[in-house]
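J.: If you want the building blocks of each chain, they are given just below.
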Amino acid sequence: MRPIITLTTDFGLDDPFVGIMKGVILKIAPEARLIDITHNIEPQNIAQAALVLESSYSYFPQGTVHMLVVDPGVGGNRRPLAVNSRGHYFVAPDNGILSPVLDKEAQCFELTEKKFFLESISNTFHGRDVFAPSAAWIAQGKDLSDLGGKISDPQTLDVPQPIIEGKTIRGQIIYIDRFGNLTTNIGVDLLQKHLGPNQKPVVHIGGKKITGLCASYSENSENSENSEAPEGQASALVNSWNRLEIFIREDNAAEKLRLRVGDAVSVDADESKP
Amino acid sequence: MRPIITLTTDFGLDDPFVGIMKGVILKIAPEARLIDITHNIEPQNIAQAALVLESSYSYFPQGTVHMLVVDPGVGGNRRPLAVNSRGHYFVAPDNGILSPVLDKEAQCFELTEKKFFLESISNTFHGRDVFAPSAAWIAQGKDLSDLGGKISDPQTLDVPQPIIEGKTIRGQIIYIDRFGNLTTNIGVDLLQKHLGPNQKPVVHIGGKKITGLCASYSENSENSENSEAPEGQASALVNSWNRLEIFIREDNAAEKLRLRVGDAVSVDADESKP
Amino acid sequence: MRPIITLTTDFGLDDPFVGIMKGVILKIAPEARLIDITHNIEPQNIAQAALVLESSYSYFPQGTVHMLVVDPGVGGNRRPLAVNSRGHYFVAPDNGILSPVLDKEAQCFELTEKKFFLESISNTFHGRDVFAPSAAWIAQGKDLSDLGGKISDPQTLDVPQPIIEGKTIRGQIIYIDRFGNLTTNIGVDLLQKHLGPNQKPVVHIGGKKITGLCASYSENSENSENSEAPEGQASALVNSWNRLEIFIREDNAAEKLRLRVGDAVSVDADESKP
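Protein chains in written order, with my numbering: chain Z, 1 to 274; chain B, 1 to 274; chain L, 1 to 274.
Hints are supplied without guarantee of correctness; some may be wrong.
If chains are identical, the list can't say which one is meant, so a pair holds when it fits in one copy or spans any two.
[Said to hold, decoys possible] With a cut-off of at most 30 Å between alpha-carbon atoms, the simulated DSSO-like pairs for lysine-lysine come out as follows: (1) Lys27 x Lys142; (2) Lys193 x Lys114; (3) Lys256 x Lys208; (4) Lys104 x Lys27.
Hints in this document: simulated from the structure, not taken from any laboratory.
Make the full structure from the sequences, and use the hints.
T.: Structure representation (structure tokens):
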């Protein structure tokens with residue numbers, strides 16, 4: 001009844017671009033609720049936007065329309081898409097940004113019906129001219145099939161997967177948040193499957209060795225008594241995205257350890273203990 | 001019925017100032033929709049805010065109230081204004097920020113009726129004490145003439161206009177966006193009028209020469225076959241504001257070319273081709 | 001009927017954390033109005049968040065739910081709280097962040113009823129798992145006593161108070177805004193009580209001496225004719241939070257004077273004039 005539209009872009013908040021898209025949406029869908037996920041995706045970083053989508057969409061009610069515009073190919077040949085997956089709607093360029101929701105059940109449509117775009121379409125701002133009006137029409141109840149024809153070959157990203165080498169899990173940093181905490185592509189499931197039930201993980205990252213996991217940012221990793229994490233020292237935990245994360249208590253791990261997205265992390269089982 | 005109020009300021013998003021203004025508005029107009037255009041106008045840069053207004057207001061529905069607070073003269077003698085123009089409402093200090101909508105049909109009122117302000121008025125935060133409550137009352141349906149007397153001499157900015165010198169258009173950079181793309185004051189109309197129908201423009205900027213226009217960021221300028229724009233090299237196109245823009249594909253042109261707002265750009269017709 | 005929820009955090013706007021919390025809220029309270037106060041609190045700076053709360057909450061309608069998440073102790077022993085004070089609701093960790101509203105009449109409850117949290121509770125993101133759903137249920141009309149038991153010992157901050165030494169008020173800088181203006185902990189009440197009715201204050205800060213107060217940023221301090229404040233020179237006024245503030249006209253006082261939160265400021269009465 002009062003549809004929600006989320007917005008994720010690399011437009012930043014300095015320019016009026018985001019506000020302009022919201023104006024376009026409200027002209028078509030006056031009752032829409034507009035929720036910013038983030039507009040500070042690194043310019044043209046499609047993989048980062050896909051990760052943001054993966055971590056956020058499911059916290060919204062079913063029927064939410066998620067609009068993502070990180071679009072280095074704007075004005076070129078890449079197709080504009082609308083997707084129905086897992087009870088949510090998605091509107092975005094066909095460049096892999098929707099990878100996390102493109103499972104077998106996902107229904108993908110190419111946005112071709114110009115009557116649902118703005119009348120005049122620029123070659124540089126499809127967020128305003130194509131994606132915003134399409135998202136608004138979907139929020140107003142239009143079927144995706146009204147907006148264009150079905151397609152079966154949407155672009156997907158090659159997401160780097162962790163590799164098992166003997167007793168070692170080899171992964172990498174895939175996301176760094178505001179606090180400098182380092183999210184890896186090693187999920188809690190893999191960790192649990194690879195380690196024995198009483199084995200502590202030993203994490204190697206940036207020349208540091210971390211033994212054991214903390215329960216939280218304010219606890220340390222060396223024992224089960226939950227004493228406090230030592231300040232200034234790298235620690236590890238399973239974070240709110242259910243992934244292995246490296247942090248330094250009340251400090252910025254990315255800066256302190258000089259690490260970036262793509263840098264290596266590995267996990268072994270602690271051999272010294274059962 | 002559910003009026004929209006847009007907000008454009010130089011208050012930034014670090015301080016609670018924007019949130020406070022929204023609280024003031026919602027106390028008076030509980031149903032108002034509050035849409036941020038941007039709060040990152042360069043401190044006290046009235047010309048930048050005017051350009052943001054020009055590029056954004058018309059994408060909102062008729063009847064929207066646009067509130068702009070870039071107000072170096074707060075607490076001094078400058079008048080607070082409410083303006084009705086082109087079916088939209090505008091609330092702002094009288095310092096030229098509303099220039100883009102101050103045409104002959106615009107109706108301008110000085111906000112003088114203190115009963116529509118907060119009870120206690122500071123000398124430093126009229127966004128909270130004067131403009132937010134006035135915008136809210138307009139959203140609630142108050143006539144502008146209820147808020148103060150009509151005036152006929154609102155301040156306007158001297159916007160730098162391009163100059164024609166023989167076969168050359170001389171303009172300047174007026175806006176730089178998050179991506180470092182350089183918007184100029186040379187509009188597509190002037191470009192089309194000045195160039196012959198088959199003549200390519202030759203753009204000179206920052207010691208670089210750019211021949212021809214790209215159709216989009218992912219296409220180059222040298223031919224009509226739409227091959228890709230060379231990376232690392234300055235290119236030009238007509239942007240989503242219908243202005244000549246200089247960009248570097250997947251790079252920051254402002255940083256690479258070391259150019260700023262106010263720097264010169266010129267356009268000639270390519271003499272080598274018909 | 002359409003409850004307002006304000007959000008104040010140190011999560012920043014680069015990551016999807018704020019958007020995720022809003023999704024959680026809208027699943028529970030579909031009609032809630034979500035207003036950002038700021039998400040750029042300095043990481044883990046509880047005192048700064050408390051000051052932001054103090055300056056903002058009362059501008060919102062009675063019944064507003066204010067959610068604050070600056071939470072260095074997340075996952076540890078600190079209690080999650082819901083508070084009813086002065087007709088407003090507050091949801092936050094029990095770390096002193098709510099100090100400005102914790103007067104004798106404030107009713108404080110520890111959030112213990114897990115049925116009002118998300119089903120799975122992480123150790124690192126209680127904003128999403130605990131505070132957002134609790135705020136949403138309060139906005140939906142739940143009594144605070146439904147969410148947990150009453151407590152009488154919430155944490156409070158030691159806020160630095162100005163000291164009177166003979167004829168001198170000794171205070172400090174407590175907040176620096178986007179413009180570099182320096183808010184002190186010296187309130188207008190103390191100033192008026194300490195100075196004679198016709199005495200001008202003499203402010204000492206960062207090696208500078210400022211005589212008299214300006215009425216506004218565009219007026220100077222040396223006389224009553226309201227001539228303009230000299231550019232490039234430190235001036236003082238009573239700001240919109242009713243506190244003594246040091247500023248430099250159209251410049252950044254914090255940078256120019258190299259001053260930070262905690263630095264000293266003192267005020268004497270001008271002895272040379274009556």
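J.: Decide, hint by hint, whether the structure agrees.
T.: Now the hints, each set against the structure:
1. Lys27 x Lys142: both (15 Å within a copy, 22 Å between copies)
2. Lys193 x Lys114: Result: close only across copies, 29 Å inter versus 50 Å intra.
3. Lys256 x Lys208: within (12 Å within a copy, 37 Å between copies)
4. Lys104 x Lys27: between (34 Å within a copy, 26 Å between copies)
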